[in-house]
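Asks: Spelled out from the first residue to the last, the chains are:
4 protein chains.
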Amino acid sequence: MKSMLEKMVSKNQKWTADGHLASYIPELMKACPSHLGVSICDCEGVKFSAGDCNQPFTIQSVAKPLVLLLALSDSDEKSVFDKIGVEPTGMPFNSIDCFANPDFRRKTNPMINVGALTTYSFINGKDDKERFNRILHFVQKLSGNPNLTYDHNVYMSERETGYRNKAIGYLLQTAGIIDENIESFIDIHFKVSSINVTCRDLASIGSILANRGVNPLTGESIVPKRHSQIANAIMTTCGMYNSSGAFAVDVGLPSKSGVGGGILSVAPGKMGIGIYGPALDEDGNSLAGTKLIEDLSRELNLSLY
Amino acid sequence: MKSMLEKMVSKNQKWTADGHLASYIPELMKACPSHLGVSICDCEGVKFSAGDCNQPFTIQSVAKPLVLLLALSDSDEKSVFDKIGVEPTGMPFNSIDCFANPDFRRKTNPMINVGALTTYSFINGKDDKERFNRILHFVQKLSGNPNLTYDHNVYMSERETGYRNKAIGYLLQTAGIIDENIESFIDIHFKVSSINVTCRDLASIGSILANRGVNPLTGESIVPKRHSQIANAIMTTCGMYNSSGAFAVDVGLPSKSGVGGGILSVAPGKMGIGIYGPALDEDGNSLAGTKLIEDLSRELNLSLY
Amino acid sequence: MKSMLEKMVSKNQKWTADGHLASYIPELMKACPSHLGVSICDCEGVKFSAGDCNQPFTIQSVAKPLVLLLALSDSDEKSVFDKIGVEPTGMPFNSIDCFANPDFRRKTNPMINVGALTTYSFINGKDDKERFNRILHFVQKLSGNPNLTYDHNVYMSERETGYRNKAIGYLLQTAGIIDENIESFIDIHFKVSSINVTCRDLASIGSILANRGVNPLTGESIVPKRHSQIANAIMTTCGMYNSSGAFAVDVGLPSKSGVGGGILSVAPGKMGIGIYGPALDEDGNSLAGTKLIEDLSRELNLSLY
Amino acid sequence: MKSMLEKMVSKNQKWTADGHLASYIPELMKACPSHLGVSICDCEGVKFSAGDCNQPFTIQSVAKPLVLLLALSDSDEKSVFDKIGVEPTGMPFNSIDCFANPDFRRKTNPMINVGALTTYSFINGKDDKERFNRILHFVQKLSGNPNLTYDHNVYMSERETGYRNKAIGYLLQTAGIIDENIESFIDIHFKVSSINVTCRDLASIGSILANRGVNPLTGESIVPKRHSQIANAIMTTCGMYNSSGAFAVDVGLPSKSGVGGGILSVAPGKMGIGIYGPALDEDGNSLAGTKLIEDLSRELNLSLY
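Protein chains in written order, with our numbering: chain A, 1 to 305; chain B, 1 to 305; chain C, 1 to 305; chain D, 1 to 305.
Looking at chain A on its own, in the form it has when it is part of the complex (with noise of 0.2 Å):
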């Protein structure tokens, strides 16, 4: 299997030079484009790695399936769903459309901007560092690795430059999606945004939703199957950006994808799949990670379909 999985890194190394580095804060831009790891643990807690396994990188909007499983837990299903809804959008995944539109919830899921950023109102905390606190300690929870931690850089320039996500805050309040203090929820979206993950604890997360919420190695039960079958549909309809669609014909696995490089896998019943690869796609996507993905799936005959 590990050398399986270093012949894929190697036949798709040559596609991090076709991707572009994210751009939108600098501190992403220091990245090496040329990285390219995997990393898969199956439902027995088996774990595989090949490529660069082992480097850091900021699990940006990887996150979003988390925040929504510890809003569900927090909260419930009907509060969380009566206020985003759960459809593809058909729309980038910054987009202010929503606002536009009559039927608001239907316009938004967990996996956009709008949407992710009203889970953290589901999240239990006296304030806004227990808040976070618990949302990282649900992270390393997840992904079995106390020692998680946010970048601080990232954190900061997040901070400085996201007016696009100041202003879908102020929307937000302007709809009465959220009525406290948008501030806030903001501020721990861009410290989430900035945890640091390798690719090894974005399989171990995944093997958790494929095994329905039992981490395979200890058996303790992280999430209810229900919701680790929720986060599973919702990745598989929305997670990859506007491509989500074309990941499903090629890949045919719930997985999300972040800026910083990241795209987390879940095969149900049999694995999870952390990839990084800072180059992207147009559409944001890891771009050789994405190849990687699609030859996994198909030489483990992976596809869902």
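Any given hint could turn out to be false.
Any copy, or any two copies together, can satisfy a pair, since identical chains are not distinguished.
Claimed, not checked - Using 30 Å as the maximum straight-line C-alpha spacing, the simulated DSS-like pairs for lysine-lysine come out as follows:
hint, residue 1, residue 2
1, 83, 7
2, 14, 129
3, 141, 83
4, 11, 126
5, 270, 47
6, 47, 14
7, 225, 270
8, 7, 225
9, 7, 30
10, 225, 11
11, 83, 270
12, 83, 14
The set of hints was computed from the structure by calculation and includes no laboratory data.
Using the hints, position chains B, C and D against chain A.
Replies: For chains B, C and D alone, kept in the frame of chain A given last:
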């Protein structure tokens, strides 16, 4: 199995009262709103049915993935998807918003009318008649039912009142997507939508898509595995009108519904499922049928996620 | 006056090289792009002309306010504006965005195709032929030119390629705005758009709108004062495609342009102005013609503001 | 003249009952909904007033053309209109649709919030305080009323609840339209909107725009003729929210309304008109005020068309 299906029909019968028959053409109003039927066909070709499983109804949009499959065979994947995208659009099935968009292809898919009308242009045939007959024959082959034919009254009704589809046709011609005489494709579309099926037919069709393109009874390969994966993937992200996302969460199976009350569902590797229940919810899906298949998916643990 | 006009034609001749002939139907490409003509007709009926003032061209969208005037006479203000709004839309003249809008009426006006096609439904006449003849006769009366007729080649060319207008027609029928056979209105529209005029004709038409509906030469009231005010107001806010706002700033006169190269302008209480220059700017207005009328407005202090 | 104005106030008083006070900030709900006042100031500087003509109210959006005039003086026409367009948008005054549009400039104008916020960036001043004071001083000069100041309660109320304007500000910064600290422009905007005026003040301001920029009483040139033409033209096409088109048809005068209940109208070469009536129609314009000025325009034959 049969008794379980019968119990499920009984249990969900009550929901038929909450839905409404499709009203856009008078002929569809003649259906009996309390009808509810289900049929499954597993990957050995064994069939179980319950309720109004022998009641014929018009296939309507359930034909869309089938026409796509024939288009992929008659032409090829690249040609088809160079014209029609595979991304969910977030818009109604009869939306014309894509025409206002600079990236037309990305705003269409074969499950909405704009994309579906375009698929007809990839069907071989020297004239309209031959094209329609090839599609009809293909649906007969998928369902293993050589007696399938179209409902002339529904066809005439569509023809007389289908202004919206005519408009979409001329917009496709304006946009240069379809060069040839669009009127003939619209006519074929009206005929194809009027093909009469039962939920037993849909279950058979589904069993082939569940069985990677191979007829489980005869062992004949009807469509390539890749094509059946494409159809399943697109049905997952775009098949249930504007509640495809919620359907993925609650049912978790590639499916396509039609306003005639049919639902075609695929449990890959396991079975095909056909549902009939003409009383629709506000998204245009069979209301009681959706409830029934949700129960079925839970009971048989069919969700992909 | 005549020499001033001649000087202005000479001065602005150079701009004709920067524009482009309308290309959407082949017939319009046969115009001579360097043509530029101007004609004015004051409120005593005195006329001055310069340049290519005798060159016939098709009236195209300049007919829109004229058809509106006849619709207002044949029907009444309330009926017409209950169906078509009077607000600028910010959208292209052939936009179909209004059909996606819950408040259809507010997103249309008689200067864009959707609204213009609707105006034909208010024209009296027992059949298509009579309706067209009444419009032609009305334009003859406004221009004082009983010889006006339509260009058969342009009409046939529109008919063959006017897919977009056909689509708009069917969308109007889908939306229930026009109940009757839409094909006949589209045909009338193609014929009306093909009426041949010169800029002398447009100046005469403009002089009646400048003179509150009264023919300055004969003293005959052609349209009620209220109707001429309506036409002037709508031409001001919506007459020059998507540069109506800039035209109000730079010229300041109620005006309507057409892709045939004509501009009809009205200086209320002072004069009508007709312009011909088939080389268009990117908004579809005569490029040199717009420059010329800007000079004319400044020179004669015609701006309303 | 005065008795005619009084008769018109009496006649239209009844309409005040059909409108509604602006409710988006609590302070505006304190106005008396039955108030109705009118004032005119002709091009000799002679003033006539009737009704609640001495009642102060906040200027709100009526300030938009005035800030534009100062921006044009402090900067220049080209710089301003390179950033903000002059076309009617067909969208609500607080729309953010322009940000989704590739041609941002064409989808904005200085009469909607996106454009108005941008105009502040062209106002000279070493800091916020100086910028605001220069605007206040300019409005004092236009109105000939050195006592004008802003309403601190309304300002604080706007500041606390103006989430939408904050969102628009951050979107402008995201889009790179405004580079500097957007928070300060939003604060100036809240203060400027809160300037208290009477309809006598608005009539004086209007008389200068009617008199091509020259104060009719003192003969002093306050703004260049070209700038007053620009303001009048933009008020014509975009000044009365989404009923600018209907207002052109029924009144025919360059005008700008505000949710405080004020209307500033200009009859070029004749007079300025100020209206106050805080009960608004559904477009946000003074309901009785619009009826009154329609009567006034007809009675005095003021329509430009």
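Asks: All the hints need checking, so say for each whether the structure fits it.
Replies: Right, here's what the structure says about each hint:
With identical chains, the CA atoms of residue 83 and residue 7 are never at most 30 Å apart, being 45 Å at best within one copy and 34 Å at best between copies. Within a single copy, residue 14 and residue 129 get their C-alpha atoms no closer than 42 Å, and across copies no closer than 49 Å, so neither meets the 30 Å cut-off. In the homo-oligomer, the alpha carbons of residue 141 and residue 83 lie at most 30 Å apart inside one protomer (27 Å), although the nearest pairing across protomers, at 45 Å, exceeds that limit. Taking CA atoms no more than 30 Å apart as the test, residue 11 paired with residue 126 passes in neither setting, with 49 Å inside one copy and 45 Å between copies.
Taking identical chains as interchangeable, the C-alpha atoms of residue 270 and residue 47 lie at most 30 Å apart whether they share a chain (12 Å) or sit on different chains (29 Å). For a Cα distance limit of 30 Å, the shortest separation of residue 47 from residue 14 inside one copy, 25 Å, qualifies, whereas the shortest one across copies, 49 Å, does not. For the homomeric pair residue 225 and residue 270, the shortest alpha-carbon distances inside one copy (15 Å) and between copies (21 Å) are both at most 30 Å. In this homomeric assembly, residue 7 and residue 225 come within 30 Å of each other (Cα to Cα) only across copies, at 25 Å, whereas the closest approach inside a single copy is 34 Å.
In this assembly of identical chains, the alpha carbons of residue 7 and residue 30 lie at most 30 Å apart only when taken from the same copy (27 Å versus 61 Å across copies). In this assembly of identical chains, residue 225 and residue 11 lie within 30 Å of each other by CA distance solely across copies; the values are 25 Å between and 36 Å within a copy. In this assembly of identical chains, the alpha carbons of residue 83 and residue 270 never lie at most 30 Å apart, being 33 Å within a copy and 35 Å across copies at closest. For a Cα distance limit of 30 Å, the shortest separation of residue 83 from residue 14 across copies, 28 Å, qualifies, whereas the shortest one inside one copy, 43 Å, does not.
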